[in-house]
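Student: Sequence:
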Amino acid sequence: MNQGDGDKQTGAANTAAPLLVLKQLDKRFGATHALKAVDLTFEAGEIHAIVGENGAGKSTLIKLLTGVYPRSSGEVDWEGRPVALATPHEAIDLGINAVHQEVLLCRHLSVAANLFLGDEKVRLGLLQHRGMVREAQKILDEIGFHLPAGALLSALTIGQQQLVAAARATIRGTRFLIFDEPTAYLTRREVGQLFALIRRLKAKGVTIIYISHRLEEVFQLADRVSILRDGQLVSTKRVSETNEQALITGMINRAIDQAHYKEAVPFGDEILRTEKLSGKGFHDISIRVRTGEVIGLYGLVGAGRSEFVQSLFGRFPQTGGQIFWKGQLAHIRKEQDAISRGIVLVPESRRDQGLCLNLGVGLNINLPIYKRLTKGIVIDPFAEATAADRQIRDVRIKTASRDALVSSLSGGNQQKIVVAKWLNHGAKLFIFDEPTTGVDVGTKAEMYKLFAKLLKAGAGIILISSYLPEVFDLSDTLHVFRRGRLVATHDSSQVSEKVLHETILTEALGV
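Read left to right, the sequence shown gives residues 132 to 642 (the working numbering).
Bear in mind the hints are in silico, worked out from the structure with no lab data behind them.
Using N, Cα and C, we set each Cβ at its ideal position, and we do this for glycine too.
Check each hint, because a few of them may be wrong.
Unchecked claim - Mimicking BS3-like on lysine-lysine, the simulated pairs with C-alpha atoms at most 25 Å apart in a straight line are:
1. Lys457 / Lys407
2. Lys167 / Lys333
3. Lys584 / Lys393
4. Lys167 / Lys465
5. Lys457 / Lys587
6. Lys194 / Lys154
7. Lys368 / Lys407
8. Lys393 / Lys580
9. Lys393 / Lys368
10. Lys529 / Lys506
11. Lys407 / Lys252
12. Lys559 / Lys580
13. Lys587 / Lys393
14. Lys584 / Lys559
15. Lys465 / Lys411
16. Lys559 / Lys465
17. Lys269 / Lys335
18. Lys575 / Lys393
19. Lys465 / Lys502
20. Lys368 / Lys333
21. Lys407 / Lys194
22. Lys333 / Lys269
23. Lys559 / Lys575
24. Lys457 / Lys333
25. Lys559 / Lys587
26. Lys559 / Lys502
27. Lys167 / Lys194
28. Lys194 / Lys333
29. Lys502 / Lys194
30. Lys465 / Lys154
31. Lys154 / Lys167
32. Lys575 / Lys587
Unchecked claim - For each label pair, taking beta carbons as the anchor points, the in silico distance ranges come out as:
33. Ser532 / Lys502: 20 to 28 Å
34. Pro219 / Ala282: 50 to 58 Å
35. Ser471 / Lys580: 24 to 32 Å
36. Pro600 / Ile510: 39 to 47 Å
Construct the complete structure from the given sequences, taking the supplied hints into account.
Tutor: Below, the structure is given as structure tokens:
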């Protein structure tokens, strides 16, 4: 569908020629038609949001514009003249850059080295690292990012690494900058810093494509918004002429349940209890989880939530306190101790900790149960295929086949694979660490329904989310973390949402 759809290029009011124009842009991968004859115009100095479900074609569009994929057909005009965009170098030379959802930098190098990667400061054949650190710190300070230029990138949080990627893109002669889910791992303060940078870039005439599943951000930042669905352009409108519900309807083209779907499930027996559990990054944490119950953990990045659940999963050692599993004292010293009991973790960073990206969908889903699928020393191919296909169907994973590489799937479908893997295992306690980061509204609704299915089957859930409305609406009991300690506990049914939101924010911030 062309851009017309009631909006004949109503874009920015400036009369200058558009910076970038897509004409019938099309991309096929064999039988898969990923992008279908898209017509779209980007004005100089506008913030243009693009929204759509996982698999709608957003990632394909990014890779076409940055020269990663060759287009199957169509044209791209840059400042009125045709361009090939056949390689990433060609895109960069024009001033087209992207800040991706997953940070694509060198974790073993310093922040400064990453900022100047490919453009290092050299004198007499020697790398001028101190000079690079000084210059990088000046750049970061001017941008408003409070980051140490001399620190190793790996020492930073995922959100801080995302800011480094944004800073790097802005100093490369950028004229057209694509942000793909840039706030997925950012704190509220870091989001404010990023938004300030984006607005400064817009004021300097840089064109911004902003891709986000957080629709409230679209209305805070963007001038225009385009909807992609199933590889087609549904519409382009000025943000002032639309609303969140209209965007959701255009994105999913079907009825959607309430934003944070939750069923009332009766609580059963206690599954897990901790008494004054301590470890690296957290101290004296006492909680309990029953069957049918969602326990929410809220706090700022670095508050100790993730460290606490990593210890429950046996990834980090505990230094004090006790863990009880179904009423019995449990010694969880390694991940296998947790998994054998039925404790599983859906981690914050699915790409680094939850998936084998270069293996097939079916292999990833079946990883925890291959012993069960083996007869003697031989894997039963029928049982292997049946187990994988069942989860692909039940969790609604969009994939060409069980043999497709996980790396080829959208972020939302990758997240579903992590969940499907543990469903196959038959776990009883599911720990979800930021489970809906980078997934669309339709997939979120499916995830919430999956939570209900788990609870009704007799499981319990620990949910970590930095998005307060989500963790509040879904939790039965909500624990607030600050500086490694549990500072408050709330029964979500006892206090009004508005009052509780304000209280929780105050407790998490410590003000």
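Student: So, for every hint listed, does it hold in this structure?
Tutor: Each hint tested on the structure:
1. At most 25 Å may separate the alpha-carbon atoms for a hinted pair to count; Lys457 and Lys407 meet this at roughly 17 Å.
2. For the given pair, Lys167 sits about 29 Å from Lys333 by alpha-carbon distance, which is inconsistent with the 25 Å threshold.
3. Proposed proximity of Lys584 and Lys393 is supported: the alpha carbons are some 10 Å apart, at most 25 Å.
4. Our distance criterion of 25 Å between C-alpha atoms is broken by Lys167 and Lys465, whose separation comes to about 48 Å.
5. Using a Cα cut-off of 25 Å, the hinted pair Lys457 and Lys587 holds, with the two alpha carbons roughly 18 Å apart.
6. Taken as a hint, the Lys194 and Lys154 pair is honoured in the structure, with Cα atoms around 16 Å apart against an allowance of 25 Å.
7. The suggested pairing of Lys368 with Lys407 is violated, with an alpha-carbon distance near 54 Å, which exceeds 25 Å.
8. A threshold of 25 Å between alpha carbons decides the hint, and for Lys393 with Lys580 the separation of about 7 Å falls inside it, so the pair holds.
9. Distance restraint check for Lys393 and Lys368: the Cα-Cα separation of roughly 33 Å exceeds the 25 Å cut-off, and the hinted pair is therefore not satisfied.
10. This hinted pair does not check out: Lys529 and Lys506 have alpha carbons roughly 30 Å apart, beyond 25 Å.
11. As the CA atoms of Lys407 and Lys252 are separated by approximately 51 Å, the hinted pair breaks the 25 Å bound.
12. At roughly 17 Å between alpha-carbon atoms, Lys559 and Lys580 fall within 25 Å of each other, so this suggested pair holds.
13. Straight-line distance between C-alpha atoms of Lys587 and Lys393 comes to about 12 Å, which keeps the hinted pair within the 25 Å bound.
14. Annotation: proposed proximity of Lys584 to Lys559 holds, straight-line Cα distance about 12 Å (limit 25 Å).
15. Straight-line distance between C-alpha atoms of Lys465 and Lys411 comes to about 15 Å, which keeps the hinted pair within the 25 Å bound.
16. Taken as a hint, the Lys559 and Lys465 pair is honoured in the structure, with Cα atoms around 18 Å apart against an allowance of 25 Å.
17. Between Lys269 and Lys335 the alpha-carbon distance is near 19 Å, which keeps this suggested pair within the 25 Å criterion.
18. In summary, the hint linking Lys575 to Lys393 is supported, as the alpha carbons are separated by about 12 Å, within the 25 Å threshold.
19. For the hint pairing Lys465 with Lys502, the CA-to-CA distance comes to about 19 Å; that is within 25 Å, so the pair holds.
20. Only pairs whose Cα atoms come within 25 Å are accepted, and Lys368 paired with Lys333 is accepted, the gap being roughly 19 Å.
21. Straight-line distance between C-alpha atoms of Lys407 and Lys194 comes to about 49 Å, which puts the hinted pair past the 25 Å bound.
22. Taking the CA atoms of Lys333 and Lys269, the gap is near 21 Å; set against the 25 Å cutoff, the hint holds.
23. For the hint linking Lys559 to Lys575, the alpha-carbon distance of about 21 Å falls within 25 Å, and the restraint holds.
24. Between Lys457 and Lys333, the direct Cα distance comes to roughly 56 Å. Violation of the 25 Å bound is thereby established for this hinted pair.
25. Of the pairs offered as hints, the one joining Lys559 and Lys587 holds, with about 11 Å between alpha carbons and a cut-off of 25 Å not exceeded.
26. Pair hint Lys559 plus Lys502 holds up; C-alpha atoms about 19 Å apart against a cutoff of 25 Å.
27. As the CA atoms of Lys167 and Lys194 are separated by approximately 15 Å, the hinted pair is consistent with the 25 Å bound.
28. For a cut-off of 25 Å, the pair hint linking Lys194 to Lys333 stands: about 22 Å separates their Cα positions.
29. Restraint check: the Cα-Cα separation between Lys502 and Lys194 comes to about 39 Å, which exceeds 25 Å; the hinted pair is violated.
30. A distance of roughly 55 Å separates the Cα atoms of Lys465 and Lys154; the hinted pair therefore is violated under the 25 Å criterion.
31. Under the criterion of a C-alpha separation no larger than 25 Å, the hint pairing Lys154 with Lys167 is consistent with the structure, at around 11 Å.
32. A distance of roughly 19 Å separates the Cα atoms of Lys575 and Lys587; the hinted pair therefore holds under the 25 Å criterion.
33. Between Ser532 and Lys502 the CB atoms are about 24 Å apart, so this pair conforms to the stated range of 20 to 28 Å.
34. Under the hint 50 to 58 Å, the C-beta atoms of Pro219 and Ala282, about 28 Å apart, miss the expected range.
35. Taken as a hint, the range 24 to 32 Å holds for the pair Ser471 and Lys580, whose Cβ atoms sit roughly 28 Å apart.
36. Here the CB-CB span from Pro600 to Ile510 is close to 44 Å, well matched to the stated 39 to 47 Å.
In terms of the numbered hints stated before, the structure departs from hints 2, 4, 7, 9, 10, 11, 21, 24, 29, 30, 34, listed from lowest to highest.
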